[in-house]
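Protein chains in written order, with my numbering: chain A, 1 to 339; chain B, 1001 to 1339; chain C, 2001 to 2339; chain D, 3001 to 3339.
Hint data in this document are derived by calculation from the structure and do not stem from the laboratory. Be careful, since some hints might not be right.
Here are the simulated distance ranges between beta carbons [to be verified]:
#1 D:N3139 with A:K265: 41 to 47 Å
#2 A:P78 with B:K1226: 56 to 62 Å
#3 C:P2039 with D:E3120: 34 to 40 Å
#4 B:K1065 with D:K3026: 31 to 37 Å
Keeping only pairs whose Cα atoms sit at most 27 Å apart, straight-line, the calculated DSSO-like set for lysine-lysine is [to be verified]:
#5 D:K3253 with B:K1026
#6 C:K2004 with A:K137
#7 A:K26 with C:K2004
#8 C:K2137 with C:K2165
#9 B:K1080 with A:K42
#10 D:K3304 with A:K113
#11 A:K2 with C:K2002
#12 D:K3304 with A:K304
#13 A:K190 with B:K1080
#14 B:K1068 with B:K1141
#15 C:K2303 with B:K1252
#16 A:K303 with D:K3253
#17 D:K3002 with D:K3065
#18 C:K2080 with D:K3190
#19 A:K252 with D:K3052
#20 D:K3004 with D:K3113
#21 D:K3052 with B:K1141
#22 D:K3095 with A:K304
#23 A:K252 with D:K3190
#24 C:K2002 with B:K1252
#25 A:K303 with D:K3113
#26 B:K1303 with C:K2002
#27 B:K1042 with A:K190
#28 D:K3042 with B:K1265
#29 C:K2095 with B:K1304
Built from N, CA and C at the ideal position, the CB exists for glycine as well.
There are 4 protein chains.
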Amino acid sequence: MKTKVAIIGATGYTGLELVKILVRHKQVQLSHLAVRRTPMPKYSEIFPELTKICDMQCSEIDADKICKDSDVIFFALPHKVTMTLMPSFLNKGKKIIDLSSDYRLKDVSTYEKAYGQKHEDATHVKDFVYGLPEVTKENIKKSQNIANPGCFPTSILLALYPLLKNKCINLEGIIADSKTGVSGGGREPKPDFHFPECNESVKPYRVGVHQHEPEIEQELGNMAGKNVDIIFVPHLISMTRGILSTVYADLKKEYSWQEIEALYKACYSNEPFVRLKAEGQYPQTKDTTNTNFCDIGFKIIGKKIVVMSAIDNLVKGASGQAVQNMNIMCGFDEREGIL
Amino acid sequence: MKTKVAIIGATGYTGLELVKILVRHKQVQLSHLAVRRTPMPKYSEIFPELTKICDMQCSEIDADKICKDSDVIFFALPHKVTMTLMPSFLNKGKKIIDLSSDYRLKDVSTYEKAYGQKHEDATHVKDFVYGLPEVTKENIKKSQNIANPGCFPTSILLALYPLLKNKCINLEGIIADSKTGVSGGGREPKPDFHFPECNESVKPYRVGVHQHEPEIEQELGNMAGKNVDIIFVPHLISMTRGILSTVYADLKKEYSWQEIEALYKACYSNEPFVRLKAEGQYPQTKDTTNTNFCDIGFKIIGKKIVVMSAIDNLVKGASGQAVQNMNIMCGFDEREGIL
Amino acid sequence: MKTKVAIIGATGYTGLELVKILVRHKQVQLSHLAVRRTPMPKYSEIFPELTKICDMQCSEIDADKICKDSDVIFFALPHKVTMTLMPSFLNKGKKIIDLSSDYRLKDVSTYEKAYGQKHEDATHVKDFVYGLPEVTKENIKKSQNIANPGCFPTSILLALYPLLKNKCINLEGIIADSKTGVSGGGREPKPDFHFPECNESVKPYRVGVHQHEPEIEQELGNMAGKNVDIIFVPHLISMTRGILSTVYADLKKEYSWQEIEALYKACYSNEPFVRLKAEGQYPQTKDTTNTNFCDIGFKIIGKKIVVMSAIDNLVKGASGQAVQNMNIMCGFDEREGIL
Amino acid sequence: MKTKVAIIGATGYTGLELVKILVRHKQVQLSHLAVRRTPMPKYSEIFPELTKICDMQCSEIDADKICKDSDVIFFALPHKVTMTLMPSFLNKGKKIIDLSSDYRLKDVSTYEKAYGQKHEDATHVKDFVYGLPEVTKENIKKSQNIANPGCFPTSILLALYPLLKNKCINLEGIIADSKTGVSGGGREPKPDFHFPECNESVKPYRVGVHQHEPEIEQELGNMAGKNVDIIFVPHLISMTRGILSTVYADLKKEYSWQEIEALYKACYSNEPFVRLKAEGQYPQTKDTTNTNFCDIGFKIIGKKIVVMSAIDNLVKGASGQAVQNMNIMCGFDEREGIL
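Okay, chain A solo, but in the shape it has when bound (with noise of 0.2 Å):
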């Protein structure tokens, strides 16, 4: 029998990204496509893209209702509309994926002035396990609460992770330097990504006070045991999807490439979605569209080494890592519906 899957909050871009999977995904079925609309629509008048994929009606945000016909539940809403929903819906004995930021940072003042505002359910935040799975998995396998990662933070941690699980890396000076395309600001029209102001341009933002700076210094900082700083800047660059960051950290000592390679061997080679470039290569996000992988590079100039990673925003960097985590926590091959 099928796992039956509710998405609360299915008309944003990660929602969408979501029932796309979700509709090809052999283990799962979907219950619930729950919106804040009226009157209710079909998926597919929202998206008439997914005319004959996925015609189902939408249903209202009823907990009671959609825990009931489901098994697992993924949240695809902004964040803070999430932390007023959510305590409907813990501990019911329901797997729960969160694809905003509302679970993510474990300390709740370093949430509240990252974000600007109170946290309305600071008592749920610890019964959340942070997503990666290439860096968390067997938290993941025995957790309830997924909070899934952020696009720019996933990108960084996954670049970062093998450096500081060896201490190959000073904690100090590391710089994350980001580029995004548009759809990671979200599906609602705004004057920054309004066509012709967006296109043919790039332009750095939130230079050093981007919200997932906090979530990508939590997550290295439990990588290196260590408080970690980074410098996080991004870029909005023209294109739909993809992100990708270049990380300059600086070694301790020398290492020749292979040394360094040996190291991202041994974390990432039997992950099904990390891509490992050859010395030379270097990543870009074209080849990761669509996909749930994460493509390396990286190159050693003298103490500094420079790592690469591309992903989908809308894949490996929210709706198909919280597949991931999913196919984890129940069970199936974690490559399932994403590869």
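Given chain A, put chains B, C and D in place with the hints provided.
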């Protein structure tokens, strides 16, 4: 002494384009950049790209003050808004050039049907000359008030003018298939113009019901001396600027390419902003980007003629043509500021 | 046991798309990816995006070996090259699906004129069935060799089929104005497809002389039972994938939208890959990107009908349709691997 | 009387940009557009966009004739080719501005390593002044021959100049992460610049081995009076024009934003083509497209400073800066033709 020029509604894309042109125009100086904002910004605060080019303080839309300080007044406001403000500016000895559609359609009921609203200044419509210089230059010279053509109409009318003037084509069955960049939709963010929605896509819209269709038919009718019906299908494509119109018509008899070329040359050889392509060559919008040119090419296939025209929708399709009209009205070199 | 499938000429965009589809197809396994390279690479060395998806070793184009190891053989080579290689593969009991244009035109002199060269395998042309499943499915089922349709023809033929089948339109004066993404030009760098040349631009090309025109006319003629001439104007637009065709025809009499809709439904309701838009709605290429769908909408304007169809040129316009043909020939579910 | 100006190698993107600027420059007239073509075309036959703007006949690269007819000679040829032709033009009393990289690097062995070839005109390298006007204006005024800076170097040098001049930053560990549009790769079609390959993607390339790195280090060294090593990582993004460089350096002590701003103002307030962003605002390439501006913003994060600069790679990064150099050399208004 320089001619003093005001722009009413300087915060849209056509207003911006006007400013870019006028600051380099040798015979004018800006008197007012009138906007609806509080507090009143410097123009370069709205458009940082104009820092060190136009740091002028904006001013409010005060008809008396603007008329007192200006010789020429450009209206770059949306339709509807324009006709409520216009009466206060008329008949004060100022030259008016209106980039909106409010005074283009001479039949008010046609306007009201096309734009779905009552015309609130119907009495003044007759006081505006339709300002398509290559067709109506003599009228423009003598006029006080200009209704500046729409972008689609400009591209289609210039494509067909020599054929209609010389009665080469049937007046029925003319088809105009136009492709426009996204800036034609204006500066306000909307779902259709959200980058991830219109990037990497092409779609037809308002098929057979676009508000520019009556304008095209009115002016084609003036050229032909008879009623002309067209089929007009605009398409939105993933680029910022440019319109390519591909126009299909039935020739009344067989013509050689050279015979038709001679008719286009007779109309356009002395026109500084129309360029004719050689046989077998066709226009592309890129060649006209940021210019006031309209490039035209054609192909005869049996008794059909296919005429293709390319313009920059914000220049020849709006602000460049408005300045061309000013140049003609004021007796300046027609090319000043726009070549 | 899985059906063994070879691809001859796997290094172009259609070859790549075939591989992407076939590696996920449940009833086939790849036998050969035959290329003209020395030394012979792994497929993922040519296309790093397929690392961990298809790391198979490529092989040379050895007819005997490929026929011995394969049940189905896809040709994804350029035209001209195809017809010199094809004879060695025919009549060996293998199912052949040719994505080139070499076996589509049944009149060899038409081919020779359109492609500007002698046909070097004229005797076998008649042995290929034109494989447009929504029109010729019964023939495909019985055929051994398929000439897979071109991308423009697919979009235009599906737009017009219900109208011609039901004799609703005049056979003269049909116009197809098509807009294509750049991948339609193939993988070889050329000036027209150099990013700075085609980005942010639109242009018509090969107006009235495109090599796909005779193919379109041949198949429209088959639908109509009579000779059909069309005016075909392709345009290159600045996107990677997708074709939108806007087709104009004269209705023989007045029809309501619902009457025409009924005819389209009769043809396509049971077809898994054609989707009809509701009244007032029109297709956009983005909805079909990376899918095998053809989305169709239409508008009646007096006695003209405007039919708009959208496909992904590399999927329904090439490799997806090729797999659809294989599915039909082999008795698989028609949707396998492509839905 | 107008200054006579020749362009050697007018068929590339920088040549085209030079022509576009020079035809509007009030104090010069074109004497030769020298190209390597047979038969010799009109310039607008190579670039139809310049029809009616520059229909001048091209001429061959005849040093005697060009020198006889010209006061200023721009070289817009690729490197390697330039140094074989240059000697015939030197020491004839003509002002030379070379847009290639052949005379930028003062250490010939560094050149030979960076460009992988012997320098064939080593004796003349010392006769060229590096022409970055905001830094070396006094030398430019007195020079006869200018080595016009590269596009990446321009963006990075202007970002760092006030910091190095004032000894605010450590000379080690400087990182420049640059994002460039595709036109930087030149006009010749190549796989990396094929539209479907670079559209909708971002990738790093030549990481740590880009040929512009020694040029950047040479000039940073001149600013600092000491050796400077940088990490330079260029990225190709899917747009036609523009470079954004994000530069990271370590401040020697704590500075307020206002203190650093004062240093930038001291360097650039009188410079017509550098614009400083207010605190919390950052440059975007779109604001500099088709202009000679360099927009600069910065952020201090602890002891790191992040400086972001945006230019149009073909204008301030090449041809606009070349004209700026000519204006300075010839005693024209520095802004003539480029503001």
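query: Out of the numbered hints, which ones does the structure contradict?
result: 1, 5, 6, 9, 19, 20, 22, 23, 24, 26 and 29
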